[in-house]
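Novice: The residues making up each chain are set out below.
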Amino acid sequence: MSSESLVLFFIIGVVLVGGAVLFSNYFAPKSSNPAKLEPYECGIPVKDGSWIQFNVGYYLFSIIYLVFDVEIVFIYPWGTVMKDVGLTAFIEIVIFFVILGLGLAYAWKKKALTWV
Amino acid sequence: MKFLYDFSILTNSIHQMLAASLSPLWVFIIELVLVGLVFLGFYAILGLFLVYLERRVCAFIQNRLGPNRVGPQGIFQTIADLVKLLFKELFVVRKADKILFNLAPFIVIIASLMAIGAIPYAKGLHAIDLNIGVFYILAVTSLGVVGILLAGWSSNSKYSLLGAMRSGAQIISYELSVGLSLLAVIIFSGSMQLSTIVESQANGWWIFKGHIPAFFAFVIFLIAATAETNRGPFDLAEAESELTAGFHTEYTGIRFAFFFLAEYMNMFLAAALATTVFLGGWMPFHFFDFSGFNYVMDFIPPFVWFFGKTFVVIYIIMLFKWTFPRLRIDQLLTLEWKYLLPLNLLNIIVIAFIVLMGWHF
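Note that the protein sequences, when read in sequence, are chains L and B. For the first sequence, my numbering begins at 1 and goes up steadily by one. For the second sequence, my numbering begins at 1 and goes up steadily by one.
Calculated from the structure, these hints are not laboratory results. A virtual CB, placed ideally from N, CA and C, is assigned to each residue, including glycine. Take every hint as true, because none was put in to throw you off.
Example chain L residues on the side facing chain B (calculated, C-beta under 8 Å, incomplete): (1) Gly13; (2) Val14; (3) Phe23; (4) Ala28; (5) Lys36; (6) Glu38; (7) Ser50; (8) Trp51; (9) Ser62; (10) Phe68; (11) Ile72; (12) Thr80; (13) Met82; (14) Ile93; (15) Val94.
Start from the sequences, fold in the hints, and give me the full structure.
Specialist: Okay, structure coming up:
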């Protein structure tokens, strides 16, 4: 039993959270007033919403992340066969990492890694 | 290779017992329900215990007593907390996106549950044993960040949004280091299947067999996994002195408890993965050819080894949290992108060279 367990664990998660939320919805006391349903802002009246344009700094990091994460996905299969393939695999990964390192150096030089 | 404790004998006998009297479909359903119940109980109890453990360790470090009223040594404190949280009102902020707000705890919990199921706890004692085990765990845990981002965004609260964005940047950054440090052992063992990786450590754990680079990868994994679970000195996402509670500011009652639970189970998962990949999983400690010593070690059951090692790693992660001051977001990203990532890339090349030369054991 392995691949069907994936679905099983999904179902366990839904049952665990859903069950507890339903239980709580049914048994917990309910009361409501306008101030209670405002988002928390340390007690002062809430000003505007929070669905706004956000700092681009995070966006840059996510782009660089995307590049590196895809590379890692490709390196994993290489890792499993490294032992068997030997020298060819080693030379190839050195070339690959040099290119990857150049990419990182470029991002570094362009100050994409500096927090603004 | 023969092991003293082989749980596949137990699971096979249960399977045969069921198959003797029932049709295959019912056997399948009953087995699914059994595995589901076991993991549900395991997950809930372990989560409650970890919260209790954290409070006791924190109290120990700060020279306090910690919870000590409910039950012996306060062991039932978290159960009392759970009951309290179950009977607290669940409400949704008026301007929030209600669907996404309700969906977020599901995603966070499912991501951690699906990963926990893939850990081999003893020989023959694992629910999911894919041949791409390490890869699967990385893939599933990275879904957790979606839940966190949804929680922060849908709450329509400024603190939540700031916490979620910080958390997103932090988790995706440190995921690179987690992936690359796990790759170290995959190069050594030549397999991504977790049970194969554990069995390749029968004559010695990778942290010892893999010379200094393996130890280095282990240290990087510990740092990156701590950051990945939003813990320790890296808990910027819920820095209570600036963001109240970060991405779960607006969550109440049991929904809040699920974020809390997921955080602790992710810590367990990080420790369990470190144990499985670097510290030999459920393999007993063997010392070269001292067969007498090795024989005695074999008598300690594998799950004692597994949980013993895991809780040592968990204790180390907890020590991080209560020892180091919190980092700033720029320091955090600098640490990952300018130190850990280049070092990790170099480390991989060194490991590839060691494997090429056949210098590992």
